[in-house]
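Take a look at the letters that make up each chain.
Number of protein chains: 2
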Amino acid sequence: MRERPAARHGLISEVAREAGVSVSTVSKVLHGRPDVGASTRARVEALLAEHGSASPAGSPPRTILAVFRDLAGPYTLEVARGIVNGAADQHAHVTIGMTNRQSISRWLDECNALGALGMILVISMLAELDQQRIVEQHLPVVLVDPLSEPTIEIPSVGVTNWNGGRTAVQHLLTLGHRRIGILAGRPHSVAGAARLHGYRAALGEAGIPVDPALVKPSDFDFDEAVEAATQLLALPEPPTAVFAASDVQALGALEAARRSGRSVPDDLSVVSFDDTAVAVMASPPLTAVRQPFEDVGRVAARTLVQLADGIAPAVPRMELATRLVVRESTGAPGPRST
Amino acid sequence: MRERPAARHGLISEVAREAGVSVSTVSKVLHGRPDVGASTRARVEALLAEHGSASPAGSPPRTILAVFRDLAGPYTLEVARGIVNGAADQHAHVTIGMTNRQSISRWLDECNALGALGMILVISMLAELDQQRIVEQHLPVVLVDPLSEPTIEIPSVGVTNWNGGRTAVQHLLTLGHRRIGILAGRPHSVAGAARLHGYRAALGEAGIPVDPALVKPSDFDFDEAVEAATQLLALPEPPTAVFAASDVQALGALEAARRSGRSVPDDLSVVSFDDTAVAVMASPPLTAVRQPFEDVGRVAARTLVQLADGIAPAVPRMELATRLVVRESTGAPGPRST
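Residue numbers (this note's numbering), protein chains in the order written: chain V, 1 to 338; chain A, 1001 to 1338.
Don't take every hint at face value.
[To be verified] Partial pick of chain A residues on the chain V-facing surface, computed with a CB cut under 10 Å:
#, residue
1, 1013
2, 1024
3, 1101
4, 1105
5, 1173
6, 1247
7, 1248
8, 1284
[Claimed, not checked] Reference excerpt, derived from the structure (chain A facing chain V, CB under 8 Å, subset only):
#, residue
9, 1061
10, 1077
11, 1080
12, 1096
13, 1126
14, 1222
15, 1258
16, 1260
17, 1262
18, 1283
[To be verified] Pairwise CB distance ranges (calculated):
#, chain 1, residue 1, chain 2, residue 2, range
19, A, 1210, V, 100, 39 to 47 Å
20, V, 237, A, 1227, 37 to 45 Å
21, A, 1209, V, 231, 43 to 51 Å
22, A, 1227, V, 261, 37 to 45 Å
23, A, 1069, V, 186, 34 to 42 Å
24, A, 1209, V, 325, 44 to 52 Å
25, A, 1070, V, 46, 29 to 37 Å
26, V, 100, A, 1324, 25 to 33 Å
27, A, 1227, V, 311, 48 to 56 Å
28, A, 1234, V, 213, 13 to 21 Å
Hints were generated in silico from the structure; no laboratory data involved.
Each residue gets a CB set at the ideal place from its N, CA and C atoms; glycine is no exception.
Chain V extracted, bound-state conformation:
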């Protein structure tokens, strides 16, 4: 799919050369300006069409509107990259919106005004009214929901959160850990709840009862995670390992370990969930359950373009597989804990 930049210095220059006119004339034709002779215009338009360009002004290329909450958080960039790449595979462009600038319902209006194919929503909550409106207006919409409950009528793309949580804890069990804490998401987050249930499942399968003292719900927030992990480490019987439900929380656990004078993984193992770019640059680099964020974005873009072309997805809810990436933040329980 990649072009060698040196191989081709722009369609407009090429067409200008082939038509024997200036670059500025080709640009005028593209913009529909009147000051170009009829025969020149016809010659340039024919060459543009031959090169598969670049429709004349007034009929914009296909565009997807991708709306995020606020373009923050380490996974946002990776999802955005996937959407832009997935859209490019379908010869579509991506326009970016944020819901902290205007409400979803205004973006639904804007989607019409922009002449966009439809919308990809990367947000944690979608109000009932907005869901109704999407269904009523037959607007092509795909939800990317690391956090929220999938809506039946609207196609959505997520990951296998339960499996991922179970895999993370199984990894710690295999290393010999028995007292394992969790920095979970908030209870209202479906994705967070699924990861917590994966934790419970893995412990249950190993015959280890869940100790409520080891379960700490918090937002996917660094400071809250430092506080929650500090509380876990201050328990009379602290955990030898922690499963953090996001990279941000795992970084909080590393910082809590440092503040309490513990070394990771010698005194505390930490396994993360996300595996964004920050995981590999942590100190130590994090063992993490990888969410295929870029694939999620690609699948969302492909699904949206198909929806716009009248092709419904085979299933309304797509869950992409997670996988464990082992790095240096996990090891066998250390001497302190034996």
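Assemble the complex: chain V is given as a structure, and chain A must be docked to it using the hints.
The following block gives chain A in isolation, referenced to the frame of chain V:
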């Protein structure tokens, strides 16, 4: 500028209610469909105009094309957020492109095809031919260049790299450090060179000669930085502090310290440059020179919209001020180094 989502359920719904028609009818008017009665259409169009909407289909809202290399790296998201916010302030949308998908010159074509106002280029290099073409075609373009040499004819937005580097090293000198290493950028990076010269200037002002053994050029890359910092720490007379020219390199320095059994800041101080979201989540949180990435994006968007309206910037090159944010990775030289 923010709307409370609950306060307003969408322009289309509002107009539908006020016009006494269905949401679907308003949508048809917006799309220019024929199956709406003339008086209904007139009523709906008047209400849409009154609400300052949402031009009818066929005349798309103003759009900026923002082209990145690859939507990777911790600062990209913050620059993108600034561009989207800055564009929204000017009632413009942002379409995202990547140069690893197609060359700059194809994006210049695409900018015409999209009917975009112009382009913001967030890339490290701009070929001579592309620069010429931008100037020849009078295409509104603004460069955001954390890395590359500003081009005289094309407006650009960057930060005060030299000042920032000098401030970082002055901070370490004030804490009592005298043997200070630098994880610098590559020599071809103008921004990196400016930060290195800031380092030299601060040392020079303090009467400390630059020891070439303490200067390690590397890419803004984690693994390279780990290696370079490891070499610094293995010197017969290792530094007591390191100035890293980017957050990614500072994280590499933290990891090199951990691997060599050093505690930060007790055994080694680390000051970073960037202060992206990863700096505050590092362990320990990084003292860093803050680049105002979001402001850079905002200024670039505002400048581009003004250019498209025929208003040249007051100066072609804008440099926004950096500032030092002190956190926990810097302190006085520890007992090991005395």
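We went through each hint and held it up to the structure:
1. Below 10 Å, beta-carbon pairs count as interface contacts, and residue 1013/A has one with chain V at about 7 Å; its hint therefore holds.
2. Residue-level restraint check for residue 1024/A holds (minimum Cβ-Cβ distance to chain V is 7 Å; threshold 10 Å).
3. Given hint, residue 1101/A at the interface with chain V, holds; its Cβ is 5 Å from that chain's nearest Cβ, closer than 10 Å.
4. Annotation: interface hint on residue 1105/A holds; nearest CB of chain V at approximately 3 Å, less than 10 Å.
5. For the restraint placing residue 1173/A at the interface with chain V, the shortest Cβ-Cβ distance is roughly 26 Å, beyond the 10 Å limit, so the hint is violated.
6. The restraint placing residue 1247/A at the interface with chain V holds, with a minimum CB-CB distance near 9 Å, inside the 10 Å limit.
7. For residue 1248/A, the shortest C-beta to C-beta distance to chain V is roughly 7 Å, which falls under 10 Å, so the interface hint holds.
8. Interface hint status for residue 1284/A: upheld, as the beta-carbon distance to the closest one in chain V is roughly 6 Å, under 10 Å.
9. Interface restraint check for residue 1061/A: the shortest CB-CB distance to chain V comes to about 6 Å, inside 8 Å, so the restraint holds.
10. Restraint check, residue 1077/A versus chain V: the minimum CB separation of about 4 Å is within 8 Å; hint holds.
11. Hint on residue 1080/A holds. Least Cβ distance to chain V is approximately 6 Å, under the 8 Å limit.
12. Interface hint status for residue 1096/A: upheld, as the beta-carbon distance to the closest one in chain V is roughly 5 Å, under 8 Å.
13. Hint on residue 1126/A is violated. Least Cβ distance to chain V is approximately 11 Å, over the 8 Å limit.
14. A hinted interface residue such as residue 1222/A counts as satisfied when its beta carbon comes closer than 8 Å to some beta carbon of chain V; here the least separation is about 5 Å, so the hint holds.
15. Given hint, residue 1258/A at the interface with chain V, holds; its Cβ is 5 Å from that chain's nearest Cβ, closer than 8 Å.
16. A cut of 8 Å between beta carbons decides the hint on residue 1260/A: the least distance to chain V is about 12 Å, and the hint is violated.
17. Given hint, residue 1262/A at the interface with chain V, is violated; its Cβ is 11 Å from that chain's nearest Cβ, farther than 8 Å.
18. Here the hint on residue 1283/A is kept, as its CB sits about 4 Å from the closest CB of chain V, short of 8 Å.
19. Here the CB-CB span from residue 1210/A to residue 100/V is close to 46 Å, well matched to the stated 39 to 47 Å.
20. Restraint check, residue 237/V to residue 1227/A: a C-beta distance of roughly 40 Å satisfies the suggested window 37 to 45 Å.
21. A beta carbon spacing of about 50 Å between residue 1209/A and residue 231/V agrees with the range 43 to 51 Å that was offered as a hint.
22. The beta-carbon spacing between residue 1227/A and residue 261/V, approximately 28 Å, falls outside the hinted interval of 37 to 45 Å.
23. In this structure the hint that residue 1069/A and residue 186/V lie 34 to 42 Å apart at CB holds, the actual value being about 36 Å.
24. Checked against the given bound of 44 to 52 Å, the beta carbons of residue 1209/A and residue 325/V, roughly 45 Å apart, stay inside it.
25. Evaluation of the 29 to 37 Å hint for residue 1070/A and residue 46/V yields a pass: the beta carbon distance comes to about 35 Å.
26. The beta-carbon spacing between residue 100/V and residue 1324/A, approximately 28 Å, falls within the hinted interval of 25 to 33 Å.
27. A C-beta distance of roughly 49 Å is found between residue 1227/A and residue 311/V, which places it inside the suggested range of 48 to 56 Å.
28. Range check, residue 1234/A to residue 213/V: Cβ separation about 44 Å, and the 13 to 21 Å hint is violated.
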